[in-house]
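> Take a look at the letters that make up each chain.
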Amino acid sequence: MTATHLQTTSASAVVEARRAHNLKLARKSDQSRATWFPLVLLAVLTALPLLQFTGNYNYLLHLVLFTASYAAMASGWNILGGFTGYVSLGHAVFFGIGGYVSGMILARYGVSSLITAPLAGLIAAIIGYGVGLITLKVRGPSFIISSIALLMIARILFDNWGFIGGANGLTLPTNSLSAEWSKLPYYYAMLVIAAVSVWASYRIKHSKFGLGLRAIAKDEIKAESAGINTRFYKVLAFALSAFFVGMAGAVWGEYLTYLRPNIFLLIGVSANLVLMSILGGKGTIAGPVIGAILIVALNEIFVALLGASEINILGTGVVMILVLMFFPLGIVGTLAKSGRLPRLLNWD
Amino acid sequence: MAEIIQILILGLALGGVIALMGSGLSLVFGVMHIVNLAHPALIVAGAYVTFLGFRYLGIDPILMMIPSAIVMAVVGVVIYKLIFEKEARSAKYSEMTVLLTFALAMSVEGLLGVLFTNTHRVTSPAYATDAFFIGNVFIPKGQLYAGVISLTLIAGVALFLKYSRLGYAIRATTQNREAAELLGVNVNRISIISFALGLALAGAAGSLVSFVFSFFPAKHWEWIPMLMSVVVLGGMGSILGTVVGALVLSVIAAFVGTWIGATWSTMTFFLALFVILLVRPQGLFGEKPEMS
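Heads up: the sequence lines are chains A and B, in that order. With the working numbering applied, the first sequence corresponds to residues 2 to 349, in that order. With the working numbering applied, the second sequence corresponds to residues 50 to 341, in that order.
Watch out, some of these pointers could steer you wrong.
[Said to hold, decoys possible] Using 20 Å as the maximum straight-line C-alpha spacing, the simulated PhoX-like pairs for lysine-lysine come out as follows:
{"#": "1", "chain 1": "B", "residue 1": "135", "chain 2": "A", "residue 2": "223"}
{"#": "2", "chain 1": "A", "residue 1": "219", "chain 2": "B", "residue 2": "141"}
{"#": "3", "chain 1": "A", "residue 1": "338", "chain 2": "B", "residue 2": "130"}
[Claimed, not checked] Residues from chain A that keep clear of chain B, each with C-beta distances beyond 10 Å, as calculated:
{"#": "4", "residue": "22"}
{"#": "5", "residue": "37"}
{"#": "6", "residue": "43"}
{"#": "7", "residue": "88"}
{"#": "8", "residue": "153"}
{"#": "9", "residue": "157"}
{"#": "10", "residue": "160"}
{"#": "11", "residue": "176"}
{"#": "12", "residue": "178"}
{"#": "13", "residue": "205"}
{"#": "14", "residue": "209"}
{"#": "15", "residue": "215"}
{"#": "16", "residue": "230"}
{"#": "17", "residue": "328"}
{"#": "18", "residue": "335"}
Bear in mind the hints are in silico, worked out from the structure with no lab data behind them. From the three backbone atoms N, C-alpha and C, an ideal C-beta is built for every residue, glycine too.
This is chain A alone, in the form it adopts within the complex (with noise of 0.2 Å):
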């Protein structure tokens, strides 16, 4: 009796003190880390618009809701391409469904994208969660592969479904504010929208849920046998990165004010985040954000000197091969690695 009761102290000793370690751990590492530094980059960014008194802004508002909708989405890609490990090419799919869902019910109710979004957002998990529980059986080539394999077949199912418009397309309402103020709605909710994702794959990195994934990208077979559901992860993975794609896919076709399938449903896009995530850093909280910043400015500088798609693409194609072969943990993780991690992009 006595010998048992002993025995649980000392058990709820121990895990009292591994809490009190951990914590002390989790302190230090709060330490030299610079929260304040995404909050503060948030606050400017809040306060951005007023530059429209002073002048016309509208350019450089259209570039950081860009930048936004990328940030947002790369950094759900990150949780099933960066934690868990599994590349997918195929999340324009759900950058389209949330485009399409949210502006569908804006076409038919009248019902601004800024409300629908988080359903949309649902819509697209759900479908994700379901073309995972197929495709995540696979994993390295036949998983990227498959993945383009889906975004091929939700590219004919578009292009011919009358319903939505088929490869024509939708024309949305546009709201009636002036000019020079209608953007704003857009980029608030996306400025939200990027804000959340980050947060949330910061929350889902330090969870039991994140350290799941992470042992899973490290070695699925060990993380099974430690007693991990590795399926259950992986597809809720899946489906957490399709709702932040999704959503920033249904507040971006309500600011382009059209949806169509050549402009939704593009390997280029998937391959944006895939390149944003391994330049900035796959697998860190940062990372995405950086990337995204630096591809949507690199995009720029090609646009503005050579002024063609073509050499878009080209440069994005070469970009991603220099930065494959010659930095695959991209700036985030060879910074980290060799210790010169500034504490201002430590986010982790």
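Start from chain A and add chain B according to the hints.
The following block gives chain B in isolation, referenced to the frame of chain A:
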């Protein structure tokens, strides 16, 4: 009945071309375990080489197979030297090479876009629009020639692999890289040769494709899952399997295309890929789950 024979013949002819398109992919995977996503993009490049020869020099697209194959083989050696030789030592080799070839496919597409614009092209030799008639059944000459030439070429490659000394070495490397190396095969040289041979097949396929399909730089994206389904169905690395897979799937696609609708015929290939995933959860390439 005549309709069924008609569809069957069209499917088989197209299947022959698709088999040639997939055979290089299969060969490269067998020897090097590279899933070359840039293969279809390089087929498009071969089609453009043929297009140039046809339009500006008036050379028949079928004859253009030779220069096109040579150009692509040279491109293959350059690509291998620049990219894959270094990656051969990488730990995450197979995943890395897929991403690299994906990026390569984008680069090729972009380059073709810059050089040739995004206009749909097709070479138009006289036989491309002509047909044989046997009773009620008509056989378009272009597709028939392309299919027969493709299958002949594949048979030639298969004989080469089976009976030549170099072919022995390539097959040995496919079966067991380490053992082949132990027996004195220069595995690196064999890799370069088979990569070049694979891309030469892509170039030759490009010439035939140039008058069978219309093409533009982004055309290759739909060929990636199409060829993958064919190659995977037949067993990755086996050229005979690729032929069988191509013929079976394109006959099915031909029936789907006629009876259900033309847009759904390409869907056959993509859905086949998913069905294979469902039936063979161990992976498309018959490997056991990778352990890293």
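> Far enough from chain B: is every CB of that chain over 10 Å from the CB of residue 209(A)?
holds (22 Å)
> In terms of Cβ atoms, is chain B entirely out of 10 Å range of residue 160(A)?
Residue 160(A) is in fact no farther than 10 Å from some Cβ atom of chain B, at 7 Å.
> Please verify that the nearest CB of chain B lies beyond 10 Å from residue 88(A)'s CB.
Violated, because the least Cβ-Cβ distance between residue 88(A) and chain B comes to about 7 Å, which does not exceed 10 Å.
> Verify that the Cβ of residue 205(A) lies farther than 10 Å from every Cβ atom of chain B, and report whether the claim holds or is violated.
For residue 205(A), whose nearest Cβ neighbour in chain B is about 22 Å away, the distance exceeds 10 Å, so it holds.
> Residue 153(A) clear of chain B by more than 10 Å, beta carbon to beta carbon?
With a cut-off of 10 Å, residue 153(A) comes too close to chain B, as the shortest Cβ separation is near 5 Å.
> For the pair supplied as a hint, residue 338(A) and residue 130(B), is the alpha-carbon distance within the 20 Å limit?
With a Cα-Cα distance of about 29 Å, the restraint between residue 338(A) and residue 130(B) is violated, given a limit of 20 Å.
> Determine whether the non-interface label on residue 230(A) survives the test: each CB of chain B must be over 10 Å from its CB.
The claim stands: residue 230(A) keeps its Cβ more than 10 Å from every Cβ of chain B (closest is about 16 Å).
> Run the C-beta distances from residue 178(A) to all of chain B and say if the shortest one exceeds 10 Å.
holds (35 Å)
> Just checking, residue 37(A) versus chain B, shortest CB gap more than 10 Å?
holds (35 Å)
> For residue 215(A), is the shortest CB-to-CB distance to chain B above 10 Å, so the non-interface label stands?
holds (13 Å)
> Beyond 10 Å on every Cβ pair: is that true for residue 176(A) relative to chain B?
Given that every Cβ of chain B is farther than 10 Å from that of residue 176(A), nearest at about 33 Å, it holds.
> Against chain B, does residue 328(A) keep a CB gap of more than 10 Å to every residue?
Given a closest Cβ separation of 12 Å, the condition holds.
Figure legend: structure checked against the earlier numbered hints; hints not met, in rising order: 1, 3, 7, 8, 9, 10.
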